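There are 2 protein chains.
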Amino acid sequence: MKFSIGRTAFTKGLNTVARAISTKTTIPILTGLKLVANETGIVLTGSDADISIETTIRSDDPDNMLVIQSEGAIVLPARFFTDIIKKLPEDTITLEVGENFQTLITSGQSSFTINGLDANNYPHLPEIQTTDTIPLAGDLFKQIISQTVVAVSSQESRPILTGVHFVLSENNLLAVATDSHRLSQRKVTLENPINGTYNFVIPGKSLIELSRMIDDVKTEVTLSVTENQALFVIGNTLFYSRLLEGNYPDTTRLIPDSHDTQVAFDSPDLLAAIERASLLSHESRNNVVKITVDPDKKSVTIYGNSPDVGNVEEDLEPKTVEGNELEISFNPDYMKDALRSFGQATINIDFTSSLRPFTLTPTEESESFIQLITPIRTF
Amino acid sequence: MKFSIGRTAFTKGLNTVARAISTKTTIPILTGLKLVANETGIVLTGSDADISIETTIRSDDPDNMLVIQSEGAIVLPARFFTDIIKKLPEDTITLEVGENFQTLITSGQSSFTINGLDANNYPHLPEIQTTDTIPLAGDLFKQIISQTVVAVSSQESRPILTGVHFVLSENNLLAVATDSHRLSQRKVTLENPINGTYNFVIPGKSLIELSRMIDDVKTEVTLSVTENQALFVIGNTLFYSRLLEGNYPDTTRLIPDSHDTQVAFDSPDLLAAIERASLLSHESRNNVVKITVDPDKKSVTIYGNSPDVGNVEEDLEPKTVEGNELEISFNPDYMKDALRSFGQATINIDFTSSLRPFTLTPTEESESFIQLITPIRTF
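The listed protein sequences derive, respectively, from chains H and V.
Under my numbering, the first sequence has 152 at position 152, and the numbering climbs by one with no breaks.
Under my numbering, the second sequence has 222 at position 222, and the numbering climbs by one with no breaks.
This is chain H alone, in the form it adopts within the complex:
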């Protein structure tokens, strides 16, 4: 195997597959990256067994300055190899595999010889038929991920809750996550109806990495799903994630269909006040913030308290207040995560009682997105 390549294109490809490579893996060869030179170009692969990323640097794109002199494959130590490529002195790099997988990398006057591994020992990626694919707009899918992944559980005690549950059929996409203290649900109407129905759970960690790869607003993402794998295709890059096994709990009955008290806020205003109150609640053993709603006085007041440090009280100016008087306590960190997911929007908060979950929805399009938070009993 021998080729020369532009450093910029090579570095970009290496950074892409590096997202999947962990130094903590128990499978030694997975600390390496696989490099294949074939008639199309250079195919780079990285994997941590949960996520695998494969990207192709094409010979037919002149920006890549790629010339393949002979085909072949090698596995090289990922972090180390990437560091070398970034620090090489010239804009073009030549790579040649010699005997015993010794790989010579040259650029200008600098020449590195590093020990590679036999690419035949690198695990095979899952084989996924891409005949039935679901097209997704990159920016929308990135938004769906960021809005739901906040509610994913970080506890491995119920593995299924560490993922986001997707249900797709006809024109409808539903994404739900819950860690049993809070829930986030997003509904989207797809531009084109899809064939069949899909029901699967993708690990939150995979979605976070995937989201980072969708840079461009106009990126088109296509999704293919099998029994235990999802494949996302983004341009010249393939992103594989395993699916979580098991049945996701039925979440539809958790969302209340009526309310007794409703307040409306601009999300950033309420977020700033919760951040202030949580400065104090974080110093306390039980991280709790309390709000009181008084519809007669059109007032909402927020309280945070730490016996060691002190307390905070703030009168808020809601856009509207309706229904019954209420006093309710909650974890401010859940509230902050939820409020951030609404961006600049105006939101409605619907309460039933001090001990029942409450919901946050955008005042416009309240059907499309809902965040639910379970209160904390303080008496």
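The hints are all genuine.
Identical copies go unnamed one by one, so any copy, or any two together, can satisfy a pair.
25 Å max Cα-Cα, derived DMTMM-like pairs, lysine to aspartate or glutamate:
1) Lys336 with Glu209
2) Lys187 with Glu364
3) Lys297 with Glu322
4) Lys24 with Asp308
5) Lys24 with Asp50
6) Lys336 with Glu317
7) Lys87 with Asp315
8) Lys87 with Glu317
No wet-lab data here; the hints were simulated from the structure.
Computed from a prediction, not measured in an experiment: that's the story for all the values here.
Add chain V to chain H, keeping to what the hints say.
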């Protein structure tokens, strides 16, 4: 005590004294910051016993929007109080100390009550006569710090080597640091001769913090020194550092006064090559990079090696090569630190033999700045 103040000025002052406040201190009151309101303005103090910083926010500067209604003093939890001030909703803040050191902080609709401590229990800062002061140009002093502090020892086994040794008399300032493997020495001619002679050692950590406070190129710094303390005055801020006790070793005889081989490089070019070579040496147990100098061929070659990963070889293009053939090995991290301290300058490297320390000096003004590195014996 009661006053109102602009948030921007207050935050700036709090950030300044926060540099001296450590959460790891064994003296509980030092996790707090002292706040004094007097006829001049607000005086903030932070200290970790090694470093103390006192800054004054003056009432007569309209930018500070400071109005003092009643004088007094209080100690407040530093990190926590600073976080509150940063997050308050309005541009002006009111602070009032009530009974039992309870302190009320209000801004807009937000009101915090936090538990303060009696300011009488806060340690007194050293008293330093500022009759004999040494004026220093801020940008020059910052450069002296950055050039010498790299060679300060991080080992507490010889405490005196954790500081930079300053010797001042008449027009001359000499600053030296060594960790016994390398040495850095800077000489400066002062604009105005000073009275008397000074000989003291300031902890490297103090100098690093001090350097971060000298932002502005045109900042004037004045220095006063006592038996065991140094005081730097920068505008409205006082920076106190303890001095290290003991005699600094005589370093003058360490610097060789002749050489048998000399090479010249642009510092950034050599730095880039050493960084590449150290990628490999860092993977090896003994972190060593080797260079060979061949004056007949006008060539300098650099080698790095790791038995596990591979090796690197690079032919460098020195600006000049003179003297005897040479092969020498050294710790590339010392070399990188040294080269960075020369910025963009052209430097001479003077060697005596493979086992004797070698020096780096700027080709222009070679008397003013010298970095010395002890080689590593590899045979």
